[in-house]
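> Chain by chain, the residues run as shown.
Protein chains: 2
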Amino acid sequence: MSETRVSPLAPAAFPPVATVAGVRIAVAAAGVRYSGRDDVMLAELPPGTTVAGTFTQSLCTAAPVDWCRHALAASSGHARAIIVNSGNANAFTGAAGYRVAEHTARSVAGALDAQAHEVLVASTGVIGENLPVERIDAALPALLAGLSAPDPQAWEAGAAAIGTTDTFPKGASAPVAGTSAHVAGIAKGSGMIAPDMATMLAFVFTDVALGAETAQECLAASVERSFNRITVDSDTSTSDTVLLAATGVSGCPADLHMAAFRKALDAVMLDLAHQIVRDGEGATKFVAVTVTGAADDAAARAIARAVADSPLVKTALAASDANWGRIVAAVGKAGQRADRDRLSIWVGDEQCASNGVPHPGYSEERATEHLLGRNIELRVDVGVGDGQATIWTCDLTHGYIDINAGYRT
Amino acid sequence: MSETRVSPLAPAAFPPVATVAGVRIAVAAAGVRYSGRDDVMLAELPPGTTVAGTFTQSLCTAAPVDWCRHALAASSGHARAIIVNSGNANAFTGAAGYRVAEHTARSVAGALDAQAHEVLVASTGVIGENLPVERIDAALPALLAGLSAPDPQAWEAGAAAIGTTDTFPKGASAPVAGTSAHVAGIAKGSGMIAPDMATMLAFVFTDVALGAETAQECLAASVERSFNRITVDSDTSTSDTVLLAATGVSGCPADLHMAAFRKALDAVMLDLAHQIVRDGEGATKFVAVTVTGAADDAAARAIARAVADSPLVKTALAASDANWGRIVAAVGKAGQRADRDRLSIWVGDEQCASNGVPHPGYSEERATEHLLGRNIELRVDVGVGDGQATIWTCDLTHGYIDINAGYRT
Numbered sequence: 001m002s003e004t005r006v007s008p009l010a011p012a013a014f015p016p017v018a019t020v021a022g023v024r025i026a027v028a029a030a031g032v033r034y035s036g037r038d039d040v041m042l043a044e045l046p047p048g049t050t051v052a053g054t055f056t057q058s059l060c061t062a063a064p065v066d067w068c069r070h071a072l073a074a075s076s077g078h079a080r081a082i083i084v085n086s087g088n089a090n091a092f093t094g095a096a097g098y099r100v101a102e103h104t105a106r107s108v109a110g111a112l113d114a115q116a117h118e119v120l121v122a123s124t125g126v127i128g129e130n131l132p133v134e135r136i137d138a139a140l141p142a143l144l145a146g147l148s149a150p151d152p153q154a155w156e157a158g159a160a161a162i163g164t165t166d167t168f169p170k171g172a173s174a175p176v177a178g179t180s181a182h183v184a185g186i187a188k189g190s191g192m193i194a195p196d197m198a199t200m201l202a203f204v205f206t207d208v209a210l211g212a213e214t215a216q217e218c219l220a221a222s223v224e225r226s227f228n229r230i231t232v233d234s235d236t237s238t239s240d241t242v243l244l245a246a247t248g249v250s251g252c253p254a255d256l257h258m259a260a261f262r263k264a265l266d267a268v269m270l271d272l273a274h275q276i277v278r279d280g281e282g283a284t285k286f287v288a289v290t291v292t293g294a295a296d297d298a299a300a301r302a303i304a305r306a307v308a309d310s311p312l313v314k315t316a317l318a319a320s321d322a323n324w325g326r327i328v329a330a331v332g333k334a335g336q337r338a339d340r341d342r343l344s345i346w347v348g349d350e351q352c353a354s355n356g357v358p359h360p361g362y363s364e365e366r367a368t369e370h371l372l373g374r375n376i377e378l379r380v381d382v383g384v385g386d387g388q389a390t391i392w393t394c395d396l397t398h399g400y401i402d403i404n405a406g407y408r409t
Numbered sequence: 001m002s003e004t005r006v007s008p009l010a011p012a013a014f015p016p017v018a019t020v021a022g023v024r025i026a027v028a029a030a031g032v033r034y035s036g037r038d039d040v041m042l043a044e045l046p047p048g049t050t051v052a053g054t055f056t057q058s059l060c061t062a063a064p065v066d067w068c069r070h071a072l073a074a075s076s077g078h079a080r081a082i083i084v085n086s087g088n089a090n091a092f093t094g095a096a097g098y099r100v101a102e103h104t105a106r107s108v109a110g111a112l113d114a115q116a117h118e119v120l121v122a123s124t125g126v127i128g129e130n131l132p133v134e135r136i137d138a139a140l141p142a143l144l145a146g147l148s149a150p151d152p153q154a155w156e157a158g159a160a161a162i163g164t165t166d167t168f169p170k171g172a173s174a175p176v177a178g179t180s181a182h183v184a185g186i187a188k189g190s191g192m193i194a195p196d197m198a199t200m201l202a203f204v205f206t207d208v209a210l211g212a213e214t215a216q217e218c219l220a221a222s223v224e225r226s227f228n229r230i231t232v233d234s235d236t237s238t239s240d241t242v243l244l245a246a247t248g249v250s251g252c253p254a255d256l257h258m259a260a261f262r263k264a265l266d267a268v269m270l271d272l273a274h275q276i277v278r279d280g281e282g283a284t285k286f287v288a289v290t291v292t293g294a295a296d297d298a299a300a301r302a303i304a305r306a307v308a309d310s311p312l313v314k315t316a317l318a319a320s321d322a323n324w325g326r327i328v329a330a331v332g333k334a335g336q337r338a339d340r341d342r343l344s345i346w347v348g349d350e351q352c353a354s355n356g357v358p359h360p361g362y363s364e365e366r367a368t369e370h371l372l373g374r375n376i377e378l379r380v381d382v383g384v385g386d387g388q389a390t391i392w393t394c395d396l397t398h399g400y401i402d403i404n405a406g407y408r409t
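So the sequences go chain by chain: A and B.
The opening position of the first sequence corresponds to residue 1 in my numbering, with each subsequent residue numbered one higher.
The opening position of the second sequence corresponds to residue 1 in my numbering, with each subsequent residue numbered one higher.
These are computed hints drawn from the structure, not numbers from a lab.
Hints are not guaranteed to be accurate.
[Claimed, not checked] With the C-beta cut set under 7 Å, the calculated list includes, among others, these residues of chain A facing chain B: (1) G128; (2) L144; (3) T238; (4) V249; (5) A329.
Since we're looking at a predicted model, the values are computed, not measured.
Ideal placement from N, C-alpha and C gives every residue a C-beta, glycine not left out.
Pulled out of the complex, with its shape left as it was, chain A reads as follows:
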């Protein structure tokens, strides 16, 4: 769909992504909206698989989000399949939209001898148009025939099938130390939202054995440290969905390897989250905003988010302009405790400000040198406590305007 060139922040190639025992995936070209490309992915999961989900905080949720919430409750956190389409978000489609999501789940469940509420559904694409569900029905035989254990090529095909304005497919994996098991996942997203083509989605799989409640707790904690720490444009989609499925097929009980599992899960989630920022619409720089010295971690996070969401900070970054006054202003608007007269600011390793005034010996030249790179680090110490947090974002460029002011035509 996208004619855009690949993001300058993209990895050189799709990374090697490990197989997860028990998971089988397939893709197909259903023609939901796009032609000439795959646009639907089916992930089949073995009986006994537990599943956890976190979803958008939007109050105008898309129908598949409503269906997933229902299904997770009805199945007590178990699933046999995840089906995802791109091209249509099935959002703002009323009761008919919910019936479409439910119908899709029933069709897949029937083919797999499962219950409808054991099939999770995600959709991403245009808002406010009815999803032509018959096209997904028609693609189902090809999907079922194509199911295979995901090798790196299959993961990449899956990631490509669920993409919309993405300029590269996103995947990551990590071994669970001390076991033969892995965590592996794919994601799509090129903005916290690009609502016409909507959303960020991530599907993460593991072959450790994990109780449903533990899976939900692990996922929620990991989302807090990964996807909830990124922002492209401060907008929130109607369809954001992150699912974690644990097949248990490796025979490794997560309970005995919880620290290793969490570490692997966090690594995969953070990698995928970073890849979404690296594919941020129009992005030319990957930016880590770290706040220290806040009243607590939540305050640090709110301040870091205010800096990361500030259009004026983001446009300055696009220009490699060491305009740290804009960081001061963003800290000031965050509504969190900060001591203006103890504020310190760093751009990369160069300290711009200390104790609320320009830092003696500050070199704008050295700060600019750092800002001319692709990977930017901003740090602010607000001087009131021990709270700290990092938020990842990208710059705001003409490319963002091009993509979003001209998208539907």
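Fit chain B to the supplied structure of chain A, relying on the hints for placement.
Same frame as chain A, now just chain B:
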């Protein structure tokens, strides 16, 4: 300073602005940062003038804001002068910055036989550089010699002197019905913040007689209905300042004409606020976002602000793209009660959505026709109550990126 062409949303000419009895103003070229233009304005007020102020909610306030807060308290809301410079915001300048503001107040007070705390100071411009106060001192004799009752030309000169990235000077006035008195004011601002040149400022004068506490109450209420209802880019400056000075020289006690006074004050404040949006950085469209059917007025305002601040809504407006799905997404992220399945959306008079689905007979062509104009109206009914509010904003264009990604060079 600005080489930018005048905003396409600017009024055809500076409006006729009424004289306010007792107020005298003067401008001078102090060379604080700019050369070849006036950059300092002095407004002299007669003994007995009451004054009220509202300031930025930023926690990293500029020194002049701190001084004004101190002075208003120390004088019990009385003032003899307001002095304003452009080119340097005296922000993030530590204790030295406060001494500069205080020194400026003392210099003016000495010349007018007043107390230092009867002189209010505002500064707008670059952040984090010491203000060369000796240049203001040097300009003081010329300012004192130039004081005169402000005719329309003098108001325009005052508005021009306090401007930074503004592309046109901003003034407005209104008669207080049933009296010989007026409310008149000037403002600067081209973003809620453009921190390198910072800020929005407004100075409003009246010759009604108004107690200091009443003045503060009237100003605060009017700010809520005007300056607090606009957004250009969601950023908040370190220096935002709105002052209201009441000379009483007309002999009309506001107490006897309170409704007429409030009406005139609101008219001037809203006019100035709209002019700031019309000069929004890169703006090509003036946009009113009205939310109805919210739980209460505060909820309506939060939802309207979420729509008005959404980069995706603003870029769609720039492209005259009737992409109402982005409005749905913005409503969803506002964190306020809304019934997705009762949501209705209008672009101008064209209804796009009703009851949470596309409106029957919706014509994208008619919606686009409205969006091709300069004055845009968006309306959302969220279907849960009687709360309503309007927020004014502008679109997000390549011009915004140009101005903010290249400003300091």
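> All hints, please: hold or fail.
Here's how the hints hold up against the structure:
For G128 of chain A, the interface hint holds, the least distance from its beta-carbon to any beta-carbon of chain B being 5 Å, beneath 7 Å. For L144 of chain A, the interface hint is violated, since its Cβ never comes within 7 Å of a Cβ in chain B; the closest pair sits about 32 Å apart. Because the smallest distance between the Cβ of T238 of chain A and any Cβ of chain B comes to about 5 Å, under 7 Å, the interface hint for this residue holds. Evaluation of the V249 of chain A hint against chain B yields a violated restraint, the C-beta minimum of about 38 Å exceeding 7 Å.
Using the Cβ-Cβ criterion of 7 Å, the hint placing A329 of chain A at the interface with chain B is satisfied: the shortest such distance is roughly 4 Å.
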